[in-house]
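Protein chains: 2
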Amino acid sequence: MPRWKPGAVDRLQAAALELFDEQGFERTTVAEIVQRAGLTQRTFFNHFSDKREVLFGLSSELQQEIIGEIAAGDEALPPLDVVMRALEAVADKMFEHRRAVVRHRYAVIAANPELLERELGKHAALTEAIAAALRARGGDPEAAYLAASVAMLAQQVAFRAWTRPGETRALRDLLPEALSSLRATLGHDPEAPPLPA
Amino acid sequence: MPRWKPGAVDRLQAAALELFDEQGFERTTVAEIVQRAGLTQRTFFNHFSDKREVLFGLSSELQQEIIGEIAAGDEALPPLDVVMRALEAVADKMFEHRRAVVRHRYAVIAANPELLERELGKHAALTEAIAAALRARGGDPEAAYLAASVAMLAQQVAFRAWTRPGETRALRDLLPEALSSLRATLGHDPEAPPLPA
Chain A
24 MPRWKPGAVD RLQAAALELF DEQGFERTTV AEIVQRAGLT QRTFFNHFSD
74 KREVLFGLSS ELQQEIIGEI AAGDEALPPL DVVMRALEAV ADKMFEHRRA
124 VVRHRYAVIA ANPELLEREL GKHAALTEAI AAALRARGGD PEAAYLAASV
174 AMLAQQVAFR AWTRPGETRA LRDLLPEALS SLRATLGHDP EAPPLPA
Chain B
24 MPRWKPGAVD RLQAAALELF DEQGFERTTV AEIVQRAGLT QRTFFNHFSD
74 KREVLFGLSS ELQQEIIGEI AAGDEALPPL DVVMRALEAV ADKMFEHRRA
124 VVRHRYAVIA ANPELLEREL GKHAALTEAI AAALRARGGD PEAAYLAASV
174 AMLAQQVAFR AWTRPGETRA LRDLLPEALS SLRATLGHDP EAPPLPA
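Protein chains in written order, with the working numbering: chain A, 24 to 220; chain B, 24 to 220.
Calculated from the structure, these hints are not laboratory results.
Careful: at least some of the hints might be erroneous.
A pair holds if it fits inside one copy or across any two, identical chains being indistinguishable in the list.
What the hints assert, rightly or not - SDA-like, lysine to any residue: derived pairs with alpha carbons at most 20 Å apart: (1) Lys145 x Asn135; (2) Lys116 x Ser72; (3) Lys145 x Ala134; (4) Lys116 x Leu138; (5) Lys74 x Phe182; (6) Lys145 x Met175; (7) Lys145 x Thr191; (8) Lys116 x Leu62; (9) Lys145 x Val131; (10) Lys145 x Ala114; (11) Lys116 x Gln58; (12) Lys145 x Gln179.
With the hints as extra help, turn the sequences into a complete structure.
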């Protein structure tokens, strides 16, 4: 495993985003990215296996942070609450200070099917890792899968709002709001007994 | 657009699944697939742009069916109910009679990251198409996005159960059950007023 170099990863990602925007993902070379970032190809390949991975440089750190928060979470809480608290903590630590870069990154990914498929694959892998972390706490496997899936959908809803032009609220605050939106969408269980009058 | 040939598509998919299982996705050629299916390469490329697409032969028909059901859905229903009814109708029409093939297909896709990324991309595109169909009915864009996302998560939960070894219940019946599981996972809104005693 290469040593963690936040400066290099951020600079390479910023350079790659600029170049993908200017001339497209396909036409951009790793040589151009490192030149723009003022770094060497050796540094690039210390961090990324290929050109596509440059936009996913934080995904393994993100996963480790979330899994760590879940492992340390309050044992008395239901699984969904444990995951949501983990996502809120990580929102402050890893995302809040880089909204502009994350917004730019989303736009570039959305414009490129090859990058979008990779993003969705990372998302699915993170969901599975969260479910595994919940099972490791002794949780029921089906409940773990459901809590992980619902939390990741809430995160997607919150990210969508957080990266919207003009949005200024913190990601931490948009996460519980996303959960409320999902509850409202699901509505009341038609098979549940009616509320007392 | 090529003419729809359900027999050819099913035979090509069945042959491809067998070969991907026996020798892997990478090592299988289109020539081998058409030979196993007793068809020609011309027929293959009438239906699929490349080898990866052979497992996604039904995705555009699936999308058209779901969108058609949504467009014809009861205008008085909330968006989530409209989508769930569409998914239930399509479950009977397109999936119920081919559980063994769908189960096999899922196992092969899960074993191959390249196919899994494509599957996730199709899933995201279908979610977006469902949201667009709800907006076309005059629905609020955010509500349409939320209903489409929740319904697709419910479908994923239901498919997971339906393809489990030994499961005999119909997909149509597992869909509302999946929705109930999601409701139970989300639980009660902690900011909502308490229920009357």
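Hints, one by one, checked against the model:
1. Taking CA atoms no more than 20 Å apart as the test, Lys145 paired with Asn135 passes in both settings, with 16 Å inside one copy and 14 Å between copies.
2. For a Cα distance limit of 20 Å, the shortest separation of Lys116 from Ser72 qualifies neither inside one copy, at 25 Å, nor across copies, at 44 Å.
3. For the identical chains of this complex, Lys145 and Ala134 are neighbours both inside a copy (17 Å) and across copies (15 Å), given an alpha-carbon limit of 20 Å.
4. With identical chains, the CA atoms of Lys116 and Leu138 are never at most 20 Å apart, being 25 Å at best within one copy and 33 Å at best between copies.
5. In this homomeric assembly, Lys74 and Phe182 never come within 20 Å of each other (Cα to Cα): the closest approach is 24 Å inside a single copy and 34 Å across copies.
6. Proximity of Lys145 to Met175 under the C-alpha cut-off of 20 Å is found in both arrangements, the shortest distances being 12 Å within a copy and 18 Å between copies.
7. For the homomeric pair Lys145 and Thr191, neither the shortest alpha-carbon distance inside one copy (27 Å) nor that between copies (32 Å) is at most 20 Å.
8. With identical chains, the CA atoms of Lys116 and Leu62 are never at most 20 Å apart, being 26 Å at best within one copy and 56 Å at best between copies.
9. Taking CA atoms no more than 20 Å apart as the test, Lys145 paired with Val131 passes in both settings, with 16 Å inside one copy and 19 Å between copies.
10. For a Cα distance limit of 20 Å, the shortest separation of Lys145 from Ala114 inside one copy, 17 Å, qualifies, whereas the shortest one across copies, 28 Å, does not.
11. In this assembly of identical chains, Lys116 and Gln58 lie within 20 Å of each other by CA distance neither inside one copy nor across copies; the values are 29 Å within and 55 Å between.
12. Taking the shortest Cα distances, Lys145 and Gln179 sit within 20 Å of each other both inside one copy (13 Å) and across copies (17 Å).
Of the numbered hints listed earlier, those contradicted by the structure are 2, 4, 5, 7, 8, 11.
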